[in-house]
Structures are given as structure tokens and as C-alpha cells.
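Those protein sequences? They're chains A and B, same order as listed.
To convert, count from 1 in the first sequence and add 474; that's my numbering.
To convert, count from 1 in the second sequence and add 250; that's my numbering.
Read the hints as simulated data drawn from the structure, not as lab findings.
C-beta atoms are modelled at their ideal positions from N, C-alpha and C, and glycine is treated no differently.
Hints should not be assumed to be uniformly reliable.
[Claimed, not checked] DSS-like mimics (lysine-lysine), calculated; alpha carbons at most 30 angstroms apart, straight line:
| # | chain 1 | residue 1 | chain 2 | residue 2 |
| --- | --- | --- | --- | --- |
| 1 | B | 292 | A | 492 |
| 2 | A | 477 | A | 545 |
| 3 | B | 295 | A | 544 |
| 4 | B | 252 | A | 531 |
| 5 | B | 292 | A | 531 |
| 6 | A | 477 | A | 527 |
| 7 | B | 292 | A | 487 |
| 8 | B | 329 | A | 529 |
| 9 | A | 529 | A | 492 |
| 10 | A | 545 | B | 295 |
| 11 | A | 531 | B | 295 |
| 12 | A | 487 | A | 545 |
| 13 | A | 545 | A | 527 |
| 14 | A | 477 | B | 329 |
| 15 | B | 292 | A | 477 |
| 16 | B | 292 | A | 544 |
| 17 | A | 487 | A | 544 |
| 18 | A | 527 | B | 295 |
| 19 | B | 292 | A | 529 |
[Claimed, not checked] Computed spacing ranges between beta-carbons, pair by pair:
| # | chain 1 | residue 1 | chain 2 | residue 2 | range |
| --- | --- | --- | --- | --- | --- |
| 20 | A | 490 | B | 309 | 48 to 56 angstroms |
| 21 | B | 290 | A | 557 | 20 to 28 angstroms |
| 22 | B | 318 | A | 490 | 47 to 55 angstroms |
| 23 | B | 296 | A | 486 | 29 to 37 angstroms |
| 24 | A | 490 | B | 257 | 38 to 46 angstroms |
| 25 | B | 278 | A | 544 | 33 to 41 angstroms |
| 26 | A | 539 | B | 330 | 39 to 47 angstroms |
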Amino acid sequence: DVKVTQSSRYLVKRTGEKVFLECVQDMDHENMFWYRQDPGLGLRLIYFSYDVKMKEKGDIPEGYSVSREKKERFSLILESASTNQTSMYLCASVRGLAAQDNEQFFGPGTRLTVL
Amino acid sequence: RKEVEQDPGPFNVPEGATVAFNCTYSNSASQSFFWYRQDCRKEPKLLMSVYSSGNEDGRFTAQLNRASQYISLLIRDSKLSDSATYLCVVNRGSARQLTFGSGTQLTVLP
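Isolated chain A (complex conformation) (with noise of 0.2 angstroms):
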């Protein structure tokens, strides 16, 4: 059974803390997602990654990092947290390109509020 997970369902931060939202995923997958997810926003792509050590910038980058050392692992890093970065972090995996492969599977999610 395909399996991916989150570090934290909920987490508290405070404003400028640095924060490590980690995922990992059993299924020998070569791509990995971060998203984030507001309500009338949807999901946007902050960063993903299709091989290790590899990492491509998504549609909003800004005021993120990520950290790909081994394949089944992809941590999103929040430099110096603020408010606006208050959100659901949702983290996704893919097989592969192929039209049979693309099916992403999502963690569960992490509900980061910044104070």
C-alpha cells in the first residue's frame, strides 16, 4: 500500500522561528512536492523535486527552501516563519511521467499556524 507521511499533523510556530516540515514516502518514487493549501487559492506549488539532490523552484518559492538527501525523504524549511506562511502544507510523490504514472499521492498533511 502506497504510503506517504508528514512529520506533524499540526504545529505551532512563531514568527522568525526557522521550521522543518519533513515527508517521506515508501514507494521508491523519483518526484516529490511541496504544496500549500489555502481556502479560494488551492494548491500551490512551492517546490519539487525529481531526483535526489535535485530541486526546481514552483509558483511560489518565496520565503522557502527544501532539502532532498535521500529519495524518499523531501523536507520543506521555512527560513524565518512568518504569519502570511500560516497554512496546510501538503506533500506529494509521483511515480514517474508516463500518463500510468503520474498519479500523485498526498501525506496528510501539516497545519502550520505562525503567531
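Once you've looked at the hints, dock chain B against the given chain A.
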């Protein structure tokens, strides 16, 4: 203009009703199309892919109109368990990246 636009709803329908959602996309280079379902406080999950010829999965039918750049989802004989938010999803030029609509909320009433 948003890359993927959906009517946010909410759609409130009685059990057994037929309901249809439409979605428009702006990137004519898009090649892959999907409907995802997201239950309240849960992660999105793939409901079905949308193929050029249209496809059906039980009570669910998806259609693609490339000329008009819209995708539709038809749900027949609605069940209470169909209550969820339905996300229209389109890939960009790169198959790695997907664009998600903001979703259409459906509530099926007893």
C-alpha cells in the same frame, strides 16, 4: 485569469440526483487531466484521469473538450459518501507539474 477555474459551489443535491461540474483551463499545451477528490480535513486523492475519448468509472463520467479547453465530471445517482470537494487538475507543459483548481464543494443531502 487563473490557469484552472472551477465554480466553488457549494452544490447541495439530494441523494440519487445527477450533478455535473465543469472546469476550464488556460494552457492549451496541457496534455494530462484529472479529477481529484478531497474529503474534509483530508488529503486529495485521485478520482479519475480524463482521457480525450471520455471515460467512465461506475457512476462517474469524465469528459474533455480540447477545443473549448474544459473538462467535466458527471456524477449519477449521488450517494451521501460523494460529499467532498472535487478538484480539477491539469498538467503544464512539463508533466511533472500539475495545476490544481480551487475545488467545487459537493454536499449530498439525505
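Against the structure, the hints:
Using a Cα cut-off of 30 angstroms, the hinted pair residue 292 of chain B and residue 492 of chain A holds, with the two alpha carbons roughly 26 angstroms apart. As the CA atoms of residue 477 of chain A and residue 545 of chain A are separated by approximately 14 angstroms, the hinted pair is consistent with the 30 angstroms bound. Taking the CA atoms of residue 295 of chain B and residue 544 of chain A, the gap is near 25 angstroms; set against the 30 angstroms cutoff, the hint holds. Taking the CA atoms of residue 252 of chain B and residue 531 of chain A, the gap is about 19 angstroms. The hint holds against a cut of 30 angstroms.
Only pairs whose Cα atoms come within 30 angstroms are accepted, and residue 292 of chain B paired with residue 531 of chain A is accepted, the gap being roughly 25 angstroms. Of the supplied pair hints, the one linking residue 477 of chain A and residue 527 of chain A holds, its CA atoms being roughly 22 angstroms apart against a limit of 30 angstroms. About 22 angstroms separates the Cα atoms of residue 292 of chain B and residue 487 of chain A, which keeps this hinted pair within 30 angstroms; it holds. With a CA separation close to 42 angstroms, the supplied pair residue 329 of chain B and residue 529 of chain A exceeds the 30 angstroms bound.
Using a Cα cut-off of 30 angstroms, the hinted pair residue 529 of chain A and residue 492 of chain A holds, with the two alpha carbons roughly 20 angstroms apart. Of the supplied pair hints, the one linking residue 545 of chain A and residue 295 of chain B holds, its CA atoms being roughly 22 angstroms apart against a limit of 30 angstroms. A hinted pair counts as satisfied when its Cα atoms are at most 30 angstroms apart, and residue 531 of chain A with residue 295 of chain B qualifies at roughly 24 angstroms. Distance hint between residue 487 of chain A and residue 545 of chain A is fulfilled; the C-alpha atoms sit about 28 angstroms from each other, no more than 30 angstroms.
With a C-alpha separation of about 9 angstroms, the suggested pair residue 545 of chain A and residue 527 of chain A falls inside the 30 angstroms cut-off, and the hint holds. Note on residue 477 of chain A and residue 329 of chain B: the hinted pairing holds, with a Cα-Cα distance of about 27 angstroms set against a maximum of 30 angstroms. The straight-line distance between the Cα atoms of residue 292 of chain B and residue 477 of chain A is roughly 14 angstroms, inside the 30 angstroms bound, and the hint therefore holds. With a CA separation close to 26 angstroms, the supplied pair residue 292 of chain B and residue 544 of chain A stays within the 30 angstroms bound.
The hinted pair formed by residue 487 of chain A and residue 544 of chain A meets the criterion: a straight-line CA distance of about 26 angstroms does not exceed 30 angstroms. Distance restraint check for residue 527 of chain A and residue 295 of chain B: the Cα-Cα separation of roughly 27 angstroms lies within the 30 angstroms cut-off, and the hinted pair is therefore satisfied. Taken as a hint, the residue 292 of chain B and residue 529 of chain A pair is honoured in the structure, with Cα atoms around 26 angstroms apart against an allowance of 30 angstroms. The hint said 48 to 56 angstroms for the Cβ distance between residue 490 of chain A and residue 309 of chain B, and at roughly 50 angstroms that hint holds.
One distance hint, 20 to 28 angstroms for the beta-carbon pair residue 290 of chain B and residue 557 of chain A, holds here, with the actual separation near 25 angstroms. Under the hint 47 to 55 angstroms, the C-beta atoms of residue 318 of chain B and residue 490 of chain A, about 48 angstroms apart, fit the expected range. For the pair residue 296 of chain B and residue 486 of chain A, the supplied restraint of 29 to 37 angstroms holds, since their beta-carbon distance comes to about 31 angstroms. Evaluation of the 38 to 46 angstroms hint for residue 490 of chain A and residue 257 of chain B yields a pass: the beta carbon distance comes to about 40 angstroms.
Taking the beta carbon of each, residue 278 of chain B and residue 544 of chain A are about 38 angstroms apart, inside 33 to 41 angstroms as hinted. A beta carbon spacing of about 43 angstroms between residue 539 of chain A and residue 330 of chain B agrees with the range 39 to 47 angstroms that was offered as a hint.
Going through the hint list in order, the structure does not satisfy hint 8, though it satisfies all others.
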